[in-house]
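Peer 1: Taken in order, these protein sequences are the chains called V and Z. Quick note: the first sequence uses this note's numbering, first residue 1, plus one each step. Quick note: the second sequence uses this note's numbering, first residue 1001, plus one each step.
Keep in mind the hints are simulated off the structure, nothing from the lab. Even for Gly, the Cβ is constructed at its ideal location relative to N, Cα and C. Please note: incorrect hints may appear among the correct ones.
Computed list of lysine to any residue pairs in SDA-like fashion (alpha-carbon distance at most 25 angstroms, straight line) [unchecked claim]:
#: 1; chain 1: Z; residue 1: K1049; chain 2: Z; residue 2: D1077
#: 2; chain 1: Z; residue 1: K1003; chain 2: V; residue 2: G319
#: 3; chain 1: Z; residue 1: K1037; chain 2: V; residue 2: G319
#: 4; chain 1: Z; residue 1: K1003; chain 2: V; residue 2: V252
#: 5; chain 1: Z; residue 1: K1016; chain 2: V; residue 2: E317
Stretches of chain Z that chain V covers, calculated by requiring three or more beta carbons in the stretch to come under 8 angstroms of a beta carbon on chain V [stated by the list, open to error]:
#: 6; stretch: 1036-1050
#: 7; stretch: 1347-1358
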Amino acid sequence: MKTGRVLMAHGSGGLMSQELIEQVFKRTWNNRFLDPMLDGALLDLPPGRVAMSTDSFVITPLFFPGGDIGKISICGTVNDLVACGARPLYLSTAMIIEEGLPLADLERLAQSMAATAREAGVSLVTGDTKVVEKGSADRIFINTTGIGVIPDGIDYRPSRIQTGDQIIVTGPVGDHGLAILAQREGLRFATPAVSDCAALVGIGKVLEKYGADVKCMRDPTRGGLATVLNELAQQSGKGMVVEENLIPISPVVQGACDMLGLDPLYMANEGKMVIIVDPERAAEIIADLQTVPEAAGAALLGEVRSEPAGMVLIQTELGAQRILGMLEGEHLPRIC
Amino acid sequence: MSKLKNYQQQLLQAIKAETRQVSLMEVCGTHTMAIAKSGIRELLPPNIKLRSGPGCPVCVTSQGDIDAVIEMVQNQDIILVTFGDMMRVPGTRSSLQEERSQGADVRIAYSPLDALRIARENPSKEVVFLGIGFETTTPAIGITIEQAREEGLANFSVFSLHKLVPPALELIFSDSEIMVDGLICPGHVSAVIGVKPYDILAAQYGKPCVITGFETLDILEGIYMLIRQILRSEAKAEIQYRRVVKEEGNPIALQIIERIFKPIPARWRGLGVIPASGLGLREAYAGMDARLKFKIREMEEIPIKGCACGEVLTGKITPPDCALFGRACTPLQPVGPCMVSQEGSCAAYYRYTPASERKRLDENR
Chain V
1 MKTGRVLMAH GSGGLMSQEL IEQVFKRTWN NRFLDPMLDG ALLDLPPGRV AMSTDSFVIT
61 PLFFPGGDIG KISICGTVND LVACGARPLY LSTAMIIEEG LPLADLERLA QSMAATAREA
121 GVSLVTGDTK VVEKGSADRI FINTTGIGVI PDGIDYRPSR IQTGDQIIVT GPVGDHGLAI
181 LAQREGLRFA TPAVSDCAAL VGIGKVLEKY GADVKCMRDP TRGGLATVLN ELAQQSGKGM
241 VVEENLIPIS PVVQGACDML GLDPLYMANE GKMVIIVDPE RAAEIIADLQ TVPEAAGAAL
301 LGEVRSEPAG MVLIQTELGA QRILGMLEGE HLPRIC
Chain Z
1001 MSKLKNYQQQ LLQAIKAETR QVSLMEVCGT HTMAIAKSGI RELLPPNIKL RSGPGCPVCV
1061 TSQGDIDAVI EMVQNQDIIL VTFGDMMRVP GTRSSLQEER SQGADVRIAY SPLDALRIAR
1121 ENPSKEVVFL GIGFETTTPA IGITIEQARE EGLANFSVFS LHKLVPPALE LIFSDSEIMV
1181 DGLICPGHVS AVIGVKPYDI LAAQYGKPCV ITGFETLDIL EGIYMLIRQI LRSEAKAEIQ
1241 YRRVVKEEGN PIALQIIERI FKPIPARWRG LGVIPASGLG LREAYAGMDA RLKFKIREME
1301 EIPIKGCACG EVLTGKITPP DCALFGRACT PLQPVGPCMV SQEGSCAAYY RYTPASERKR
1361 LDENR
């Protein structure tokens, strides 16, 4: 099986489809919800409000330092649930596979999804695969949908953000964006760029005990930190003021961005959260977050103000204040 | 860290102590970006003005040249390889990005050597590298051309729109409409050309030149060194960016440029045709000159209506003075190249808006 490639017949619904599911997916993903192989999964849910989120993953390259499209497809949806305040429980997945994808790659991705799900404590309970003709997709597209349950007392929404609240980020920004760019374009740096791709259930767990003192959480994926801060400012109607020299950025990301004319604040992250918390608890929450491996670099960025409503200001190291806007157009590297 | 911060504040105070009207030009687009990003522009007193110069290679490329590139992509069955910045630069009727969406094969490269790889992989296709940039970029493209010759890659050529910085600076100093008291000179270009070209400029026009690095501290120090010279009525070329720039520049890089390119007249946006300010391929490399290979004709300069990029590039106005800035011309819908490039003054002013200018922004949007 491992030496072959995915063929149109693997999507026929016949014997070959069955073989693909049995050998690639069922074996690696076995759990009591999936194993009966029904048309859908029958789930038990603990009490509480249910959160649901979906995301599709179309990343090139499929494998990159720090992760792969399989890992990211689990982390992405798990993190969206965590950002809702939920404990992620179940995931579904649907894959659109381009004819000709090496089966070894598919198997590697299935194993990566299984391992990531296991670490995140979620079960892959139902799935679907479709095969399309060569040229109709870029090797593999993966969708995952997840549900989780929100414990009592947790309510993360931008409308709960108040003046004086503190803004936290759980670690250095821009790593994923740079890792993908470097891999895609064959750029090599003295220190390799590694994606921060990770499931952030540990962060969710730590924050639960702070209940209503955590106001809102969001993962700064596409568009990066600057975009998420702008979204939060607009949705809360508050101003966000961050200090440039408090924003954690690794030397390799900073150096590469300087060289290429890119801004790390707009580069994607796949293992970070922006968290808005009550000022009284901020220091305690940061210290607690730092005990979670994925949030070891948690840092205070700034605070929420009433003005300028709906905008983000950045205080430069030199003491000037400028507007940190949304990304305009494509982020293209410069010439010299 | 706090020592550095202290020194920055000291420099800022020393600069603020100057009460005369001083107008300095930051030649390089990377400086323009750094000045806007760090907030230096906003923190300087109103009597010290910073003007942007012609130091963004994309921005100074003339409209006619951009149109010629687009026409080449439309008419020839080629793969065009370019640096990312050029993709969105508007030509008179189209842009490379638009051409790509309509089926033209235009690829973004990070190094000119990528173009060689593409040429090797596509032996039945003509691969043209769009050579744009100043003395910093040109040596790498020179090496690429030499390597293509060594490998005998007959399907590779370069459309050279390379330019030289000193001739443009000379024009800036000699233009009576452009009132510049001193130049913040580009760090990376100078790492190649060294201090000599500025010695000549400073002596001839009696104006100080300081080769400056790109960190906030570098720029403050560069400004301070210029003001100190003005205060002492001196006019010499100095190097602030000593950790990178040597007096003699980079002789090896200069030799590569000399070996492969020859000075030719070039048209600059905003400055017009400047003799010996462009670089064309020498006769020995004529086979790799895309202009000759594809019989590229000179295109007419059709100015973009209302666009003041030319005035911005010569420091005659600042971007917000342009009627289109932030209204009809934004990074999403750029009218002129200065709003497109990562090095462009308009993009710098637009992206890094001081908080104090929020009102203006609100009115425009």
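Peer 1: Next step is simple, just say for each hint if it's right about the structure.
Peer 2: These are the hints, each one checked on the structure:
| no. | hint | result |
| --- | --- | --- |
| 1 | Z:K1049 <-> Z:D1077 | violated (48 angstroms) |
| 2 | Z:K1003 <-> V:G319 | holds (15 angstroms) |
| 3 | Z:K1037 <-> V:G319 | holds (11 angstroms) |
| 4 | Z:K1003 <-> V:V252 | holds (24 angstroms) |
| 5 | Z:K1016 <-> V:E317 | holds (18 angstroms) |
| 6 | 1036-1050 | holds (count 7) |
| 7 | 1347-1358 | holds (count 8) |
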